[in-house]
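First to last, the protein sequences are chains A and B. Take 28 as the starting number for the first sequence in the numbering used here and just add one per residue. Take 13 as the starting number for the second sequence in the numbering used here and just add one per residue.
Quick caveat, the hints were computed from the structure, so don't treat them as lab data. The C-beta atom is built at its ideal place from N, Cα and C for all residues, glycine as well. Hints should not be assumed to be uniformly reliable.
The following label-pair restraints were derived from C-beta to C-beta distances [as the list claims (entries may be wrong)]:
{"hint": "1", "chain 1": "B", "residue 1": "R112", "chain 2": "A", "residue 2": "D120", "range": "25 to 33 Å"}
{"hint": "2", "chain 1": "B", "residue 1": "F144", "chain 2": "A", "residue 2": "R93", "range": "56 to 64 Å"}
{"hint": "3", "chain 1": "B", "residue 1": "L113", "chain 2": "A", "residue 2": "E172", "range": "49 to 57 Å"}
Simulated coverage check for chain B against chain A, where a stretch passes if three residues somewhere in it have a Cβ under 8 Å from a Cβ of chain A [to be verified]:
{"hint": "4", "region": "218-227"}
{"hint": "5", "region": "233-244"}
Computed footprint of chain B on chain A, listed as stretches where at least three residues anywhere in the stretch have a Cβ under 8 Å from a Cβ of chain B [stated by the list, open to error]:
{"hint": "6", "region": "82-96"}
{"hint": "7", "region": "117-131"}
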Amino acid sequence: MQAIAQALDITIHNLSVNYSNARLALYNASCVIEAGTITALVGPNGGGKSTLFKSIMGFLQPSQGRIHIGSLSVQTAQKRQLMAYVPQSDEVDWNFPVSVFDVVMMGRYGYMNLLRMPRPKDRRLAMESLERVGMADFRHRQIGELSGGQRKRAFLARALAQEGKVILLDEPFTGVDVKTEKRIIDLLMQLRNEGHTILVSTHDLASISTFCDRTVLLNRTILASGSLEKTFTEENLAMTFGGLPVMSLHHLFHPSKVSEVDA
Amino acid sequence: MNEFITGLFLWDVRDWLVEPLQFGFMVRALWVSAFVGLVCAVLSCYITLKGWSLMGDAVSHAVVPGVVVAYAIGIPFAVGAFIFGFGATVAIGYIKSKTRLKEDAVIGVVFTGFFAFGIVLITKIPSNIDLFHILFGNVLGISNSDIVQTLIAGTTTLVAMLLFRKDLLLFCFDPNHAKAIGLNTQLMYYMLLSLLALTIVTALQTAGIILVIAMLVTPGATAYLLSDRFDHMLGLSVLVSVSSCVLGTYFSYHLDVSTGGSIVVLLTLIFTITMIFAPKYGILAQSLKNIPEPVLDEAQNQDYIS
Numbered sequence: 028m029q030a031i032a033q034a035l036d037i038t039i040h041n042l043s044v045n046y047s048n049a050r051l052a053l054y055n056a057s058c059v060i061e062a063g064t065i066t067a068l069v070g071p072n073g074g075g076k077s078t079l080f081k082s083i084m085g086f087l088q089p090s091q092g093r094i095h096i097g098s099l100s101v102q103t104a105q106k107r108q109l110m111a112y113v114p115q116s117d118e119v120d121w122n123f124p125v126s127v128f129d130v131v132m133m134g135r136y137g138y139m140n141l142l143r144m145p146r147p148k149d150r151r152l153a154m155e156s157l158e159r160v161g162m163a164d165f166r167h168r169q170i171g172e173l174s175g176g177q178r179k180r181a182f183l184a185r186a187l188a189q190e191g192k193v194i195l196l197d198e199p200f201t202g203v204d205v206k207t208e209k210r211i212i213d214l215l216m217q218l219r220n221e222g223h224t225i226l227v228s229t230h231d232l233a234s235i236s237t238f239c240d241r242t243v244l245l246n247r248t249i250l251a252s253g254s255l256e257k258t259f260t261e262e263n264l265a266m267t268f269g270g271l272p273v274m275s276l277h278h279l280f281h282p283s284k285v286s287e288v289d290a
Numbered sequence: 013m014n015e016f017i018t019g020l021f022l023w024d025v026r027d028w029l030v031e032p033l034q035f036g037f038m039v040r041a042l043w044v045s046a047f048v049g050l051v052c053a054v055l056s057c058y059i060t061l062k063g064w065s066l067m068g069d070a071v072s073h074a075v076v077p078g079v080v081v082a083y084a085i086g087i088p089f090a091v092g093a094f095i096f097g098f099g100a101t102v103a104i105g106y107i108k109s110k111t112r113l114k115e116d117a118v119i120g121v122v123f124t125g126f127f128a129f130g131i132v133l134i135t136k137i138p139s140n141i142d143l144f145h146i147l148f149g150n151v152l153g154i155s156n157s158d159i160v161q162t163l164i165a166g167t168t169t170l171v172a173m174l175l176f177r178k179d180l181l182l183f184c185f186d187p188n189h190a191k192a193i194g195l196n197t198q199l200m201y202y203m204l205l206s207l208l209a210l211t212i213v214t215a216l217q218t219a220g221i222i223l224v225i226a227m228l229v230t231p232g233a234t235a236y237l238l239s240d241r242f243d244h245m246l247g248l249s250v251l252v253s254v255s256s257c258v259l260g261t262y263f264s265y266h267l268d269v270s271t272g273g274s275i276v277v278l279l280t281l282i283f284t285i286t287m288i289f290a291p292k293y294g295i296l297a298q299s300l301k302n303i304p305e306p307v308l309d310e311a312q313n314q315d316y317i318s
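The whole structure should be built from the sequences, with the hints applied where relevant.
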């Protein structure tokens with residue numbers, strides 16, 4: 028149980044994943060996601076970000092390599108409720124007949140008995156999680172009745188209710204307004220300070236430097252990983268997005284020339 | 013024809029309901045079909061939400077050779093039907109994972125293959141199986157041993173669905189989260205498939221393999237248009253299904269038409285009315301909703317700012 032008390036790192040060792048048509052989605056990827064940090068996963072579309080996420084969560088079977096959460100296998104870590112996942116919006120069926128509270132309660136299923144009967148503690152934690160993301164008033168809404176930002180916060184509340192030490196967020200800022208983005212970022216920074224390990228995949232290069240400690244650059248394999256200062260450089264990004272037109276990449280590193288709105 | 017029309021208008025509702033009950037076969041048919049309606053209604057909520065209607069179609073056709081083989085070697089028909097129905101789903105899963113084919117193609121190939129094999133067996137193996145009864149059901153002539161098998165298969169399904177209600181719902185809604193909290197999603201996949209096969213076995217005698225698909229899809233689809241909560245959906249689905257089954261059996265007696273057929277016609281009728289008039293998700297409500305849309309947006313924004 029001691030492992031649970033402290034922050035957990037994610038070790039990815041020589042990971043390769045094939046698509047079903049035998050094409051490589053990811054090859055020989057190795058890196059360490061340091062414990063107690065916010066790490067951004069950056070790379071072009073189709074560069075394997077989702078594949079890496081799904082491999083870390085055990086949704087995909089890698090053809091080669093190992094992933095460890097602390098010293099545990101992914102499966103063991105999941106059984107101990109150590110890993111929470113906030114899905115991309117388009118992975119969720121928003122017409123599904125469940126309320127926000129039902130969804131958050133699903134974060135507690137792993138702690139409940141076989142019949143999934145919630146105890147007072149489960150209800151309390153679900154409510155606390157909803158309050159923390161500011162969604163308590165919306166708890167009786169059907170999930171499709173929420174705005175983009177509210178939807179994200181609902182699923183973030185589920186991750187909080189699960190009390191996972193490792194939290195993966197897949198594109199948490201798509202379809203979210205600036206105010207909600209700031210709110211989510213604040214929450215992620217609080218969670219990091221409480222000892223969570225957070226991995227965020229994002230398109231939004233501009234916001235990375237405001238809240239991430241480390242970056243992992245990914246295009247078919249892991250090109251670079253490390254602290255923000257060392258890895259999140261114009262040169263590395265140009266390599267990662269190699270040849271692809273990176274919107275305002277230059278602006279990102281020479282902000283004096285561009286208005287803030289653009290970022 | 014004249015007699016039929018006057019009969020239709022002049023009958024006394026009480027007589028209409030009570031008269032058939034003097035016959036043992038009608039009493040049996042009524043409660044068996046109500047029971048089958050209940051089992052199908054519960055499962056149909058999961059099938060609709062999971063998007064497995066086509067899978068239901070596949071399993072129901074695939075049970076045919078199982079029924080024939082069971083009669084031929086003298087084991088209960090439910091056992092043979094379950095083995096072949098479940099076997100077809102395993103075959104579908106295996107072929108899908110090993111080839112580049114899309115799921116619908118695999119399902120199409122496998123279930124028609126099983127079904128054709130069943131037809132060949134029926135015409136080759138001498139038995140007293142009536143193909144028409146397998147295809148369209150025969151609840152009015154259901155035997156006691158068939159009732160026992162229906163009850164066992166149906167009760168097993170109901171108990172399993174009651175126990176694993178929340179896990180199965182989570183599996184339908186978000187299998188990734190189910191996996192992330194350490195649940196065995198592979199097991200749940202096969203559990204839901206075997207419950208599907210068991211339900212089809214339950215409904216085989218009442219509705220037949222073709223109409224059972226309607227009983228597996230329509231109640232859940234109707235309830236889905238009426239509800240935003242799973243529990244409500246479940247209740248409505250049961251209500252729609254059981255009442256259609258009971259009334260359909262009555263209609264089949266009074267109008268002398270196929271029982272399975274009249275049950276499904278009723279189900280479809282209720283679905284059609286729901287589809288048009290459902291208060292929130294009906295076609296009428298949806299087309300009316302398009303007008304005040306901007307107002308709704310504004311309200312949401314206000315929510316947000318406060």
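We went through each hint and held it up to the structure:
1. R112(B) to D120(A): 25 to 33 Å: holds (26 Å)
2. F144(B) to R93(A): 56 to 64 Å: holds (58 Å)
3. L113(B) to E172(A): 49 to 57 Å: violated (38 Å)
4. 218-227: Violated: only 0 residues of the region 218-227 of chain B have a Cβ under 8 Å from chain A.
5. 233-244: Our answer is that it holds, as 6 residues pass the Cβ test (under 8 Å) against chain A, meeting three.
6. 82-96: Holds: 3 residues of the region 82-96 of chain A have a Cβ under 8 Å from chain B.
7. 117-131: holds (count 8)
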